[in-house]
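Number of protein chains: 2
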Amino acid sequence: MKIICTKSNLAKGVGIVSKAVPSKTTMPILECILIDATTDIIKLTANDMELGIETIIEGEILDKGMIALDAKIFSEIVRKLPDNEIVIETGANDQTMITCEKAKFNISGKSGNDFAYLPYIEKEEPVRLSQYTLKEVIRQTIFSIADNESNKLMTGELFEINENILKVVSLDGHRISIRKIELKDTYGMRKAVVPGKTLMEVSKILSGEVDSEVQIYFTENHVVFEFDQTVVVSRLIEGEYFRIEQMLSSDYETKVRMNKRELLSCIDRATLLVKEGDKKPIIIHIGDESMELKIQSQLGSMDEEIFITKEGKDLLIGFNPKFLIDALRVIDDEEVNLYFMNAKAPCFIKDEKETYVYLILPVNFNAI
Amino acid sequence: MKIICTKSNLAKGVGIVSKAVPSKTTMPILECILIDATTDIIKLTANDMELGIETIIEGEILDKGMIALDAKIFSEIVRKLPDNEIVIETGANDQTMITCEKAKFNISGKSGNDFAYLPYIEKEEPVRLSQYTLKEVIRQTIFSIADNESNKLMTGELFEINENILKVVSLDGHRISIRKIELKDTYGMRKAVVPGKTLMEVSKILSGEVDSEVQIYFTENHVVFEFDQTVVVSRLIEGEYFRIEQMLSSDYETKVRMNKRELLSCIDRATLLVKEGDKKPIIIHIGDESMELKIQSQLGSMDEEIFITKEGKDLLIGFNPKFLIDALRVIDDEEVNLYFMNAKAPCFIKDEKETYVYLILPVNFNAI
Chain A
1 MKIICTKSNL
11 AKGVGIVSKA
21 VPSKTTMPIL
31 ECILIDATTD
41 IIKLTANDME
51 LGIETIIEGE
61 ILDKGMIALD
71 AKIFSEIVRK
81 LPDNEIVIET
91 GANDQTMITC
101 EKAKFNISGK
111 SGNDFAYLPY
121 IEKEEPVRLS
131 QYTLKEVIRQ
141 TIFSIADNES
151 NKLMTGELFE
161 INENILKVVS
171 LDGHRISIRK
181 IELKDTYGMR
191 KAVVPGKTLM
201 EVSKILSGEV
211 DSEVQIYFTE
221 NHVVFEFDQT
231 VVVSRLIEGE
241 YFRIEQMLSS
251 DYETKVRMNK
261 RELLSCIDRA
271 TLLVKEGDKK
281 PIIIHIGDES
291 MELKIQSQLG
301 SMDEEIFITK
311 EGKDLLIGFN
321 PKFLIDALRV
331 IDDEEVNLYF
341 MNAKAPCFIK
351 DEKETYVYLI
361 LPVNFNAI
Chain B
1 MKIICTKSNL
11 AKGVGIVSKA
21 VPSKTTMPIL
31 ECILIDATTD
41 IIKLTANDME
51 LGIETIIEGE
61 ILDKGMIALD
71 AKIFSEIVRK
81 LPDNEIVIET
91 GANDQTMITC
101 EKAKFNISGK
111 SGNDFAYLPY
121 IEKEEPVRLS
131 QYTLKEVIRQ
141 TIFSIADNES
151 NKLMTGELFE
161 INENILKVVS
171 LDGHRISIRK
181 IELKDTYGMR
191 KAVVPGKTLM
201 EVSKILSGEV
211 DSEVQIYFTE
221 NHVVFEFDQT
231 VVVSRLIEGE
241 YFRIEQMLSS
251 DYETKVRMNK
261 RELLSCIDRA
271 TLLVKEGDKK
281 PIIIHIGDES
291 MELKIQSQLG
301 SMDEEIFITK
311 EGKDLLIGFN
321 PKFLIDALRV
331 IDDEEVNLYF
341 MNAKAPCFIK
351 DEKETYVYLI
361 LPVNFNAI
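Protein sequence lines, in the order shown, are assigned to chains A and B.
Residues 1 to 368, numbered by full-length UniProt numbering, are exactly what the first sequence covers, in order.
Residues 1 to 368, numbered by full-length UniProt numbering, are exactly what the second sequence covers, in order.
Just chain A, with the same shape it has in the complex (with noise of 0.2 Å):
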């Protein structure tokens, strides 16, 4: 094999598919990148077996041939090189020069006949949205899914796509966020629980721009998205995700409108007095016109009152400060609005329309 592209050309392809190789594995041949030059097209791959990306580039192709590079050094190579013409050549045993205007590197390859292709999907009608909406949907929910594998349905999100509308949940058993997302067409049910590391690593790649769009396809165990030059795709979570309908309720005793900012900067200081590991919850008093937030801990104490509107009865309530600061971070509206039952049910925090709703469940704590 012999190509020839530029630094830039090759450096933004390695940069993608990097993020499907494995930090650790027990198959050496996972740790590489594919460089495809078999037909016509440059092709890098790299698979986790989970997780799979592909992506064309721009270059030359003198001889056809395909070889598989440690990610990690081609990677580094790639970005250390001189910002012009790469020449990459394998020779005999997979040994692969690569070449840039004075400079020449000489590592050892590997035959790109032990690669694991990526799964072939049959691919019918995608759902269509721009890669800004994708990418915010998933920075607007990812911080809820779960860390441990011991409920694995828990470290997916639910994708739900009815009619024209997009639902994206995460859940972790302390709270649920929900989006919802108004498409421009529209589909028949489609339901998939896509790996949370599949979406972060999606997101990173995604340009984010409002004039590019995402093609994702739904099939019994993948979701392929396709955009610009690149394909991933993924295995999806096996098994039938949680019934949150039921854990919703739009009746409340207690609603209170206040600027967001505000309060996320108040809870933001409350937390400075918590260690890591700690669990002091924040106290929230919610009176006529004003909400009195209090933290105690072995390092000191902190209170502040913010102005609030308010409907309903007064409370005295718990959090853990960390989800309150999760979902205030992602919510861009000035106000917001938070509806309560009693200090024993979940506080909903959501706009008039439901774009989006945070279900939070409060704490006990000794009143202070």
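Possibly wrong hints are sitting among the right ones.
Derived EDC-like pairs (lysine to aspartate or glutamate); straight-line CA-CA distance at most 16 Å [stated by the list, open to error]:
{"#": "1", "chain 1": "B", "residue 1": "Lys255", "chain 2": "B", "residue 2": "Glu289"}
{"#": "2", "chain 1": "B", "residue 1": "Lys102", "chain 2": "A", "residue 2": "Asp303"}
{"#": "3", "chain 1": "B", "residue 1": "Lys353", "chain 2": "B", "residue 2": "Asp326"}
{"#": "4", "chain 1": "A", "residue 1": "Lys72", "chain 2": "B", "residue 2": "Glu262"}
{"#": "5", "chain 1": "B", "residue 1": "Lys7", "chain 2": "B", "residue 2": "Glu50"}
{"#": "6", "chain 1": "B", "residue 1": "Lys80", "chain 2": "A", "residue 2": "Asp268"}
{"#": "7", "chain 1": "A", "residue 1": "Lys102", "chain 2": "B", "residue 2": "Asp268"}
{"#": "8", "chain 1": "A", "residue 1": "Lys80", "chain 2": "B", "residue 2": "Asp333"}
From the structure, some residues in chain A lie toward chain B, with a derived Cβ separation under 7 Å [said to hold, decoys possible]:
{"#": "9", "residue": "Ile29"}
{"#": "10", "residue": "Glu76"}
{"#": "11", "residue": "Lys80"}
{"#": "12", "residue": "Phe105"}
{"#": "13", "residue": "Lys204"}
{"#": "14", "residue": "Gly208"}
{"#": "15", "residue": "Gly300"}
{"#": "16", "residue": "Val357"}
Which bits of chain A does chain B cover? Going by a derived footprint, with three or more residues having C-beta under 8 Å, they are [stated by the list, open to error]:
{"#": "17", "stretch": "98-104"}
{"#": "18", "stretch": "264-273"}
{"#": "19", "stretch": "303-311"}
I should point out that these hints are in silico values taken from the structure, not numbers from a laboratory.
Glycine included, C-beta positions come from ideal geometry on N, C-alpha and C.
Assemble chain B onto chain A, guided by the hints.
Same frame as chain A, but now just chain B:
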């Protein structure tokens, strides 16, 4: 004590003195910042017994007094408070209330009486130079101090003032860095070994402005840096510094001149084949009009040629690439001169006037 000052003034002062708060100590009082408002100025102090920093901040004193507050919590609180006036007030048992707008923090302080004050220094004629120059000279030499404590003198830098020349030297057994600076005024001979840690912290606090001045006082056991509203006092390292004159030589058999950036990028590229801790040398082959650099490791090999102007003999010599990179990074000249005697003798990177001299010992290698 009760004082009022703006968040920005307080945050700046806390940031400065925090540099002298030890990360680990058996004396909890040293983890504190002392706020001293017993006179008519507000002074912040921190002291780890080797290094002490004191800075004056603007503000209003409503009640004279002093208090020592845990540096970490106090600086976190200040950082997260709104950008407005902050009131600090002490109550019974050194309880301290920090208030800003509607946020109230209550933390435990410690009596200022237990605090270790900075030593009193009999200051004589100061050495004056610009903040920019001091910050630069530290950056240009600090990388070649030794980080282990087995030879205490190697963990510091020699500051030698003679007439109008300040010479700063650091060495770690494998290399020596020397910078000479012309001062505006003329002074009597002064010599002191300043701890590397002190210099690193001072360098972080210096604004680095050309027009701002630093005054440096040397006494038998201490050095004092005075600039802006800040005083830094540090112990000196005791003992006679190494005699480096006998290691320096202006004889050479080979002199080469080349573009600095080209050389630096080339060595930087070569090192990516060397894993941390692995001691692979870079082999330099000096020929008539070009210099070849080669490195070989388990990961592969790299070679590259650089155009040079040469005087004297051809040479084959090996170096720890990191040492070359460290020196080249802090040289601002576009072209550099390297002087060699033979493959066993040190290489000198220096300019004509010897405002900088970087000596680097070669390493043995197996010809490849």
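Which hint numbers doesn't this structure obey? As far as the earlier hints go, 3, 4, 5, 8, 9, 13, 14, 16 are violated by this structure, in ascending order.
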